[in-house]
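Asks: All chains, full assembly: derive it from the sequences and hints.
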Amino acid sequence: MTSRLMKSFTVAVFSLFSFIISVPSFAKEGEGDKKEGFNAQKIIFGHILDAHEFHFFDIINKDGSHTPVGIPLPVILYSPQKGFDVFMSSKFHHGEHDHDGYRLLTEEHIEELTKEGVDIKKEGLNPGKIVPVGADGKIDHSVAVYDFSLTRNVVQMFLALALLVWIMISIANRYKKGYGVKTAPTGMQNLMEPIIAFVRDEVAKPNLGNRWEKYLPYLLTVFFFILINNIFGLIPGTANVTGNIAFTVVLGLISLVVIVASSRKYYWGHIFNPPGMPLGIKFILVPVEILSFFIRPMALIIRLFANMVAGHIIIICLISLIFIFASLNQYAGWGTSIFSIAFTIFIYFIEILVAFIQAFIFSMLTAVFIGQAFEEPHHDAHAAAH
Amino acid sequence: MDFFLLEAVANAGGAVGAGLAAMGAGIGVGQIGKGAVEAIARQPEALNDIRSNMILTAALVEGAALFAIIVGFLAMVL
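Chains R and B are the protein sequences, given in the same order.
Residues 1 to 386, numbered by the working numbering, are exactly what the first sequence covers, in order.
Residues 1001 to 1078, numbered by the working numbering, are exactly what the second sequence covers, in order.
Just so you know, these hints were derived from the structure itself, not from any lab.
Beta carbons are placed, not taken as given, at the ideal position from N, Cα and C, and that holds for glycine.
It is possible that some hints are incorrect.
What the hints assert, rightly or not - Computed list of chain B residues with no C-beta within reach of chain R, every gap over 10 angstroms:
no., residue
1, Gly-1033
2, Ile-1040
3, Arg-1042
4, Ala-1059
5, Gly-1063
6, Ile-1069
7, Ile-1070
Stated by the list, open to error - Only pairs whose alpha carbons sit at most 25 angstroms apart, straight line, appear in this in silico SDA-like list of lysine to any residue:
no., chain 1, residue 1, chain 2, residue 2
8, R, Lys-91, R, Phe-45
9, R, Lys-129, B, Ala-1075
10, R, Lys-129, B, Met-1076
Replies: What follows is the structure, encoded as structure tokens:
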């Protein structure tokens, strides 16, 4: 008992201490935040967020200017006034030039607009957004623009999807021809068969009872789609597809639809009229059950998103450390790079593990929720299960 | 209150909140791991059941922590 008291006391003191320490240090940072040389925040968000190009690196010219190297992607815009407009994002020259009356906002544009007194947050302007500009060089508010561009997230997702479909169809054809059914599996089958069997035996069968065959295609699709996008995102220079909230929201909503579609009467009765409860407790339990109905897919969405974003940020932060130290002193930079790179490689291997674990957890939890949705009343102590 | 100080307090609050959430999740996941390892030591033949339940519970704990981290992040950004 004493040790438990001591523990909570230590936690309380430590959190109070860290709070007091952090306030003055953060206050100082707010004043001296002017960029000088290396800006880690810009690098991190440049990687995490979506963009109109694959950006690999910058070449620093002799006069100190930067030449970005990357692959431009198509920009597809529709506006009711101007009609469709399709061109490559290289036409913007990284935001330096306007094209066809459109402008790609950059950090510099945003800074200028803030100085002019435009409310950035209220107007929804952010770096990377394409806005219409008038002849006077100002943002033209009379023109509405809908951006259907193939951004790097979209392009990378399609590439991953094409690879996945190619692998799956080729091995499916092999099985149809009899390879791997009566003989030993060959080639790519050796790689995929254990994973497919793992999803079947560990995810589908234990959670879905005798209806596992019906849901196995969905679970396998979700598993491999998340897995291949996670792994593609780990290749340096690529986009962070699974760390994009829109991507995970769509996956979570599809899971919600599957859960609702496979639900039975007992599931809804469990939410709106928990069996075997006194009336007073129902008033508390029903809102909680309704909330948990929405929180389950929310948790799926946020878990995948936050895990992938956190992993990517850690890797870039470790690499950024080299340059933060190098801006203090060149030799400090070289010294840091050894530890930094060693640690980055370590985190990289952890991230490969996380790519698998997140794909597994997403499909696993989806299977659990589906299993709950079509569960029949068969035991008395079911209320304790929640 | 000075604007910069306000932002600094928001940043500090977000960081401290994320840290506390990580602490709680660490304790929770540690307890799960401890329980699972003890259970496997007692009953090695139930390894598969214990492992899948362990991962599931750890995922639920981690989900709560990630909610807190996102809230902390929003406190910084908004």
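Asks: Hint by hint, note whether the structure agrees.
Replies: Right, here's what the structure says about each hint:
1. Gly-1033: 14 angstroms, holds
2. Ile-1040: The assertion about B/Ile-1040 holds, with a minimum of 16 angstroms to chain R.
3. Arg-1042: 21 angstroms, holds
4. Ala-1059: 5 angstroms, violated
5. Gly-1063: 4 angstroms, violated
6. Ile-1069: 6 angstroms, violated
7. Ile-1070: Its Cβ does come within 10 angstroms of chain R, the nearest being 6 angstroms, so this is violated.
8. R/Lys-91 to R/Phe-45: Given pair R/Lys-91, R/Phe-45 holds - Cα atoms ~23 angstroms apart, limit 25 angstroms.
9. R/Lys-129 to B/Ala-1075: OK: R/Lys-129 and B/Ala-1075 at ~24 angstroms, within 25 angstroms.
10. R/Lys-129 to B/Met-1076: 22 angstroms, holds
When each numbered hint is compared with the structure, violations occur for hints 4, 5, 6 and 7.
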